[in-house]
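Visitor: Chain residues, written in single-letter form:
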Amino acid sequence: MNCEQYREAIAAEPSFDGGAGHLSECSACQAYRSEMLALEQMISRALALDVPELEVPELPHIETDNVVTLSKRRVSPPAFLAIAATVVLAAFVGFRMLGGGLEPQSLADELLAHIDHEPAALRISSVAVADARLESVVPADIAHLDHGAGLITYAQSCKIRGRDVPHLVIQGEHGPVTILLMPDEMVSAPQTITGESVNGVILPVGDGSIAIFGEREESLDRIERKVLDSVTWST
Amino acid sequence: MGVYHQDMYRYAAWLSRDKAIAEDVVQEALLRAWKSLDALRDETSSKQWLLTIVRRENARYFERKRLETVDIDNLTASQSALLAVEDDKELDDMRQAVYELEDDYREPLVLQVLMGYSTNEIAEQMGLKQGAVLTRLHRARAKLAEKMDR
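If you're matching them up, the sequences are chains A and B in order.
The first sequence runs 7 to 241 under our numbering.
The second sequence runs 17 to 166 under our numbering.
Just so you know, the hints here were simulated from the structure itself, not pulled from any lab data.
Some hints here could point you the wrong way.
Straight-line alpha carbon distances no greater than 16 Å define the calculated EDC-like cross-link-like pairs of lysine to aspartate or glutamate that follow [stated by the list, open to error]:
| # | chain 1 | residue 1 | chain 2 | residue 2 |
| --- | --- | --- | --- | --- |
| 1 | B | K163 | B | D103 |
| 2 | B | K163 | A | E41 |
| 3 | B | K159 | A | E124 |
| 4 | B | K105 | A | E14 |
| 5 | B | K63 | A | E124 |
| 6 | B | K163 | A | E124 |
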C-alpha cells in the first residue's frame, strides 16, 4: 500500500485499520490520519442536530384488528419495544392526520409500502438468482416462469394481504424493477401508479394480477409485455 | 423510540436541509410504517427499514413540492434553523460546509457518520456500487477539509 492508496482508504472510511505496515513507516500518513480523525470528530458533531422533543399524548382507541401482537410478529422483546414505541408515536400522528381512524390501504399502497420494506431488493446487480432459489420462490403450483422477463436479481416469497406472493426484481434501464406475482389478487382493470418516485402498474392476469414497479423514468411497456409473456398461472 | 426517532429526524433533516420539512417527512414516514408494520419480518433491520421509508418519503415530498435548489444566501427561516448552533465558530463552519455539500456526497456521509452504516449498507440503501460509495465519501471529506481550511 502506498500513500495515495492509504489516504483514499482512510478518507472514505476513517475507521479503516488496514495498511498498518505502511502507516508505521510513513510519518506523513500518520499526520494525515490524525487530521482525518479530527475532521471526523467535527463532522460527527456538526451532523448531530438537536432533535425536537415529541410529546406523545394519550392514544385514541385502536381497533384491535389493526394491532399486531408480539407472538404474531415473532419479534424479540428489545427490538419489539423499540419499534413498537416508534409506532406508538406513529399511531398518534396517524390518527391526527386521518381524523381519528385508519383507512384501509389500497392494494397499490400496500404494494408500495412493501417495496419500502425490502431495500435490499432494490439493488443494482448483474448477478442472477440461482435457479433453485427461483423455483422455491415461484413454485410450480403458483406459476410457471420462463427466463424471458429479464435478468432476475432478487427473488423472495413475501406476504401480501396474507398470501404468499413471489417478489422478483429485474434490472431495468433506470434501475431495479419490482415484479409481484399475485395469482389470487384479482383487479378489474389495469391500475397505473405514477408520480411518487415510482412508475408502476397492476395488471389483471387471469384470476390474479401482476404488479410491476420501476423508477419514475422507467418505461414499463416493454417490461410489461415481457413479463406477461413469461408468466403462466398454474391454477 | 428515542434512538429511532432521532435517527429518522436527523437523516430527514440532512436530506431535506430544512427542519420543517424534516418533521413532515418523519411524520409521513411514521404513518407509513405504522400502516404497514406487519410486513417488517426481520426485527434486526427495523432501523434500516425506517430510514428507507424516510428516504422515500423525502423523495416524494420534493416531487410533490417541486422545490428548487437551496441557495445558501437566501435561506428560509426553517432552513436557517438547521444551521443554528452554539457559540462555536468551527462547528458552525462545519455545519454550513456539510449543508452546502451536494446531495450525492452529503447523504452517504450522513449514513456513515451518523447512522453507522458500512459502505456496503450505504451502497444498498442508495442503490449504488460500493466503489461509488467509497469515492463519494472520499470526495465529501476532501471538500469539507478544503472548506474548513479556507
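Visitor: For every hint, state whether the structure bears it out.
Guide: Hints, one by one, checked against the model:
1. K163/B - D103/B: Since the Cα atoms of K163/B and D103/B sit roughly 19 Å apart, the hinted pair is violated (cutoff 16 Å).
2. K163/B - E41/A: Cα-Cα ~14 Å, so holds.
3. K159/B - E124/A: Violated - the C-alpha atoms of E124/A and K159/B are around 33 Å apart, more than 16 Å.
4. K105/B - E14/A: 28 Å, violated
5. K63/B - E124/A: Measuring from Cα to Cα gives roughly 12 Å; hence the hint holds.
6. K163/B - E124/A: Distance ~37 Å between K163/B and E124/A Cα, so the pair is violated.
In the structure shown, a violation is registered for the earlier hints numbered 1, 3, 4, 6, in ascending order.
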